[in-house]
Each structure stands twice: as C-alpha cells, then as structure tokens.
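Let the hints inform the model, and build the full structure from the sequences given.
Just so we're aligned: 73 in full-length UniProt numbering is position 73 of the sequence shown, and the numbers increase by one with no gaps anywhere.
Some hints could be false.
What the hints assert, rightly or not - BS3-like, lysine-lysine: derived pairs with alpha carbons at most 25 Å apart:
no.	residue 1	residue 2
1	Lys49	Lys75
2	Lys3	Lys20
3	Lys20	Lys2
4	Lys20	Lys49
5	Lys20	Lys40
6	Lys3	Lys40
7	Lys20	Lys100
Note that these hints are calculated values from the structure, not bench results.
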Amino acid sequence: MKKRTYNCGLDAAVDVVGGKWKALILWALHREALRFGELKRSISGISEKMLIQQLREMEAYGLVHREVYHQVPPKVEYSLTEFGQSLNAALIPLGDWGEKHMETIEAIPRD
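See the structure below:
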C-alpha cells in the first residue's frame, strides 16, 4: 500500500472517515459489538455489498475489529478498536453541530 501524505489533520481525518457510511458504522458500533446482520439493520439504506466494502476498509485502517467465532453456524462480530473509539469520540461534536443545524441543512435546495 502506498503511503499517503496529508496537508493537515483534517485532511487525514476526512480520508479515514470519508464517504456516507463510515461515520454511521462507527456510531452503530459505539455501544457494543454487532453481528453483520445487526449492523446492517441498524444502518438504514446501506446495501450488503456496501457494508462489506466499508467494513473491509475500516478494518484495513484499524478502526474496526472483526472477530470470527469458529462454531456452527459461523458467527462474526464487529467492534471498534481503541483507534476507532477515538475517532468516534472526535465525531460527537460534529454530530451535535448537525443536530443543532438540521433544519437549516434540510432546507437547502438540492439538485
């Protein structure tokens, strides 16, 4: 994997959490480990393919831990690493800002 350089801390953070789904996945996992189906049900609108892709990227970044239980039927749980928990904590003020300004944001005309 090619090493990336960043212009500032915000550039690095947005690279890790960029896209529509990663922050929602982080939030869904903030309380407890979840199985794939539980995680999918907790994130409205995400497809199975997209969830798999996002989880793989987040695992590669070290945000998410994938625990495989060797049993029948197979069981896999996803949880946040300490690194993922620290990113989630950093996103809380952004979520608060979004809650505070949601009506204004929703009123902005879109194409």
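Status of each hint after checking the structure:
1. With a CA separation close to 18 Å, the supplied pair lysine 49 and lysine 75 stays within the 25 Å bound.
2. The hinted pair formed by lysine 3 and lysine 20 meets the criterion: a straight-line CA distance of about 24 Å does not exceed 25 Å.
3. With a C-alpha separation of about 24 Å, the suggested pair lysine 20 and lysine 2 falls inside the 25 Å cut-off, and the hint holds.
4. Only pairs whose Cα atoms come within 25 Å are accepted, and lysine 20 paired with lysine 49 is accepted, the gap being roughly 14 Å.
5. With a CA separation close to 14 Å, the supplied pair lysine 20 and lysine 40 stays within the 25 Å bound.
6. Between lysine 3 and lysine 40 the alpha-carbon distance is near 31 Å, which puts this suggested pair outside the 25 Å criterion.
7. The straight-line distance between the Cα atoms of lysine 20 and lysine 100 is roughly 20 Å, inside the 25 Å bound, and the hint therefore holds.
Consistency with the previously given hints fails for number 6 only.
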